[in-house]
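For chain A, the structure is supplied; the task is to place chain B on it using the hints.
There are 2 protein chains.
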Amino acid sequence: MTELFNFEIKARDGGARLGRITMPRGEIRTPAFMPVGTVGTVKGMYLDQVKGAGADIILGNTYHLMLRPGAERLEKLGGLHKFIGWQGPILTDSGGFQVMSLSKIRKLTERGVTFQSHIDGRKYEVTPERSMEIQRLLGSDIQMQFDECLAFPHSEKEAERAMQLSLRWASRSRHAHGNQPGRACFGIVQGGVTRRLREESAAGLKDIGFHGYAVGGLAVGEGQELMLSTLDFTTPVMPDDKPRYLMGVGTPDDIIESVARGIDMFDCVMPTRSGRHGQAFTRFGKMNLRNAKHAEDMRPIDPTSDCPATSQYSRAYIHHLIRSGEMLGMMLLSWVNIAYYQHLMQGIRQAIADGRYADFMAETKQNWARGEALDS
Amino acid sequence: MTELFNFEIKARDGGARLGRITMPRGEIRTPAFMPVGTVGTVKGMYLDQVKGAGADIILGNTYHLMLRPGAERLEKLGGLHKFIGWQGPILTDSGGFQVMSLSKIRKLTERGVTFQSHIDGRKYEVTPERSMEIQRLLGSDIQMQFDECLAFPHSEKEAERAMQLSLRWASRSRHAHGNQPGRACFGIVQGGVTRRLREESAAGLKDIGFHGYAVGGLAVGEGQELMLSTLDFTTPVMPDDKPRYLMGVGTPDDIIESVARGIDMFDCVMPTRSGRHGQAFTRFGKMNLRNAKHAEDMRPIDPTSDCPATSQYSRAYIHHLIRSGEMLGMMLLSWVNIAYYQHLMQGIRQAIADGRYADFMAETKQNWARGEALDS
Numbered sequence: 032m033t034e035l036f037n038f039e040i041k042a043r044d045g046g047a048r049l050g051r052i053t054m055p056r057g058e059i060r061t062p063a064f065m066p067v068g069t070v071g072t073v074k075g076m077y078l079d080q081v082k083g084a085g086a087d088i089i090l091g092n093t094y095h096l097m098l099r100p101g102a103e104r105l106e107k108l109g110g111l112h113k114f115i116g117w118q119g120p121i122l123t124d125s126g127g128f129q130v131m132s133l134s135k136i137r138k139l140t141e142r143g144v145t146f147q148s149h150i151d152g153r154k155y156e157v158t159p160e161r162s163m164e165i166q167r168l169l170g171s172d173i174q175m176q177f178d179e180c181l182a183f184p185h186s187e188k189e190a191e192r193a194m195q196l197s198l199r200w201a202s203r204s205r206h207a208h209g210n211q212p213g214r215a216c217f218g219i220v221q222g223g224v225t226r227r228l229r230e231e232s233a234a235g236l237k238d239i240g241f242h243g244y245a246v247g248g249l250a251v252g253e254g255q256e257l258m259l260s261t262l263d264f265t266t267p268v269m270p271d272d273k274p275r276y277l278m279g280v281g282t283p284d285d286i287i288e289s290v291a292r293g294i295d296m297f298d299c300v301m302p303t304r305s306g307r308h309g310q311a312f313t314r315f316g317k318m319n320l321r322n323a324k325h326a327e328d329m330r331p332i333d334p335t336s337d338c339p340a341t342s343q344y345s346r347a348y349i350h351h352l353i354r355s356g357e358m359l360g361m362m363l364l365s366w367v368n369i370a371y372y373q374h375l376m377q378g379i380r381q382a383i384a385d386g387r388y389a390d391f392m393a394e395t396k397q398n399w400a401r402g403e404a405l406d407s
Numbered sequence: 032m033t034e035l036f037n038f039e040i041k042a043r044d045g046g047a048r049l050g051r052i053t054m055p056r057g058e059i060r061t062p063a064f065m066p067v068g069t070v071g072t073v074k075g076m077y078l079d080q081v082k083g084a085g086a087d088i089i090l091g092n093t094y095h096l097m098l099r100p101g102a103e104r105l106e107k108l109g110g111l112h113k114f115i116g117w118q119g120p121i122l123t124d125s126g127g128f129q130v131m132s133l134s135k136i137r138k139l140t141e142r143g144v145t146f147q148s149h150i151d152g153r154k155y156e157v158t159p160e161r162s163m164e165i166q167r168l169l170g171s172d173i174q175m176q177f178d179e180c181l182a183f184p185h186s187e188k189e190a191e192r193a194m195q196l197s198l199r200w201a202s203r204s205r206h207a208h209g210n211q212p213g214r215a216c217f218g219i220v221q222g223g224v225t226r227r228l229r230e231e232s233a234a235g236l237k238d239i240g241f242h243g244y245a246v247g248g249l250a251v252g253e254g255q256e257l258m259l260s261t262l263d264f265t266t267p268v269m270p271d272d273k274p275r276y277l278m279g280v281g282t283p284d285d286i287i288e289s290v291a292r293g294i295d296m297f298d299c300v301m302p303t304r305s306g307r308h309g310q311a312f313t314r315f316g317k318m319n320l321r322n323a324k325h326a327e328d329m330r331p332i333d334p335t336s337d338c339p340a341t342s343q344y345s346r347a348y349i350h351h352l353i354r355s356g357e358m359l360g361m362m363l364l365s366w367v368n369i370a371y372y373q374h375l376m377q378g379i380r381q382a383i384a385d386g387r388y389a390d391f392m393a394e395t396k397q398n399w400a401r402g403e404a405l406d407s
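Sequence lines, in order, name chains A and B.
Read in order, the letters of the first sequence correspond to residues 32 to 407 in this note's numbering.
Read in order, the letters of the second sequence correspond to residues 32 to 407 in this note's numbering.
This is chain A alone, in the form it adopts within the complex (with noise of 0.2 Å):
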């Protein structure tokens, strides 16, 4: 491990932990949401309202940047982080969760994954050796371990086979990555809902070794009891003095419980893909600005927020926009909802330091359910 990338646990609050990670393109606040910027750009937003909203890192993911604009190309331009105009560090995942959840006629082997581009039909190979170099290729922070994700349900049996191969994938991934100062690799614990399986997973991966670790195979359609009640048996058993990522999750509930059980970091589309669809995420619970109530309604959204999109425009206007299918009304709710993910990360981390993460999870949750009452 290159102490170029440093983790650091500054409180603990049950099994919450407040934490930093340090390395070269910037700082890491944890708990951390990394909005994710899946082709180079999080969708509808202007990255420094991205990066005024609070996030340290975002997302790039593998699979769609690799099919366009491509990585040598990506390489030859001075890396994704120029290309895009981001300075903080960015995690790219591995390619496995979109190489089967959205590419045509997948050959699946102990080498890798053949697949065609849902773009244009073009045939690719991701090898873990590939899914590293391309990663690298990217100048990617956190580089992540390729995998096999399966979708839910799978037998118990499916599991186990695509646990282990993804272990031995975990082994040639690590080996791939090498050394590369002040850039990380995170292996991924796999192993479906079966407390066994996490826990050879975690196991196996710990013996390799990593700079961090995550939790994937979770929040594909298993549904948050499932979810939680794996976390319970898994996080314990993953290294305690590196960072725990949870892959692709979640609703701000999925975080508040998923932080209570020792993850740092997450990640997901949620809060730009239903601020495209008129959601908006605020203290006060779920709001459907497409709903006809709010025509009328000229109060913002949230007078107390710092994001000019939630405070300085109306429910209305945003109401019409999104029914008159305007871009302007997916603009402003995917800041809205990034805005509010980061002020949500921000209050699970000043309620860790102040040792009080259970009545905050409370009075959140309390907030949610009372809904607008409290904004009257």
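Please keep in mind that the hints were generated in silico from the structure rather than gathered at the bench.
Check the hints yourself; a few may be wrong.
Any copy, or any two copies together, can satisfy a pair, since identical chains are not distinguished.
As the list claims (entries may be wrong) - Here are the simulated DSSO-like cross-link-like pairs (lysine-lysine), alpha carbons at most 27 Å apart as the crow flies:
id: 1; residue 1: K324; residue 2: K113
id: 2; residue 1: K154; residue 2: K324
id: 3; residue 1: K317; residue 2: K113
id: 4; residue 1: K324; residue 2: K107
id: 5; residue 1: K188; residue 2: K138
Using the frame of chain A, we list chain B on its own:
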């Protein structure tokens, strides 16, 4: 005429006029280009970007806004300015053009037009009186008379009939507008491409008396040559001491040619619409960012521009975003183009002030023709 609306000509150079409209909501430097905010948003842009680019006034579409969110609703909510968050003047068209081009099952009578909404099929009637009422309810600063706008080609007989009807509607519109201190009412010269009809229309409108005069029924498919030759005999018969507005025009070349013929105001969806389709307007001509030649070009569109979208994002990145169908690509190119149009207007105004408009036109056209060579 109320003194709250004032038009002052500060300099002349050939037919070109440098002027200033002052009215309660602000000053409009002419020649002016008005970005189009069809349904209450300049598509893909924040209004502070529009303002920052140099726009003094924007346009709203009566037809779109009467359908959604509705004129009475907008008045109830405090008017269009408050609704969209724009402090400066707003010009609204009368709905005539969109009724013809967008709506279904039209019935045109002396009284007005009945049509079905292109959104939900609901039936509406717009008369000159209703059009002016809607524009007053919106709180529009410059309200356009209701007119009949013909598509091209049409017979001279048709043009004459429509012009005469528009003239009668002009009288009703002006009467309906009444006296709204600080809010102007503009007449629209019609008459197709026939000199006699344009002269008759202009004379009739002058008799009625408006705060400004528009040229309607051009840029509807007749081509630039016919448009300019029509202007050649139309602007000279329009009042010299009032602003002249060429509706729905146009390309940068259309604009500089029309300014030379005495036009003071323009509006067009071209900068935003073309931007959404990947086209940039620059001081060295048009640039299609979809083109593969930009894929590895890390230069900004124009490093000398004051607009961040133009000077701080690479062509390669914008190419990638446009190819990927990402909102940010459309957002950036809309901004690039609105900024270029405003930059062009500023250049036009400076050239008239300096008494070198003919040279300015020649140089500007040379730069467009030299293309990107200018940039290297």
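Against the structure, the hints:
{"no.": "1", "hint": "K324 / K113", "verdict": "between (44 Å within a copy, 19 Å between copies)"}
{"no.": "2", "hint": "K154 / K324", "verdict": "between (49 Å within a copy, 24 Å between copies)"}
{"no.": "3", "hint": "K317 / K113", "verdict": "between (35 Å within a copy, 26 Å between copies)"}
{"no.": "4", "hint": "K324 / K107", "verdict": "between (51 Å within a copy, 15 Å between copies)"}
{"no.": "5", "hint": "K188 / K138", "verdict": "within (19 Å within a copy, 70 Å between copies)"}
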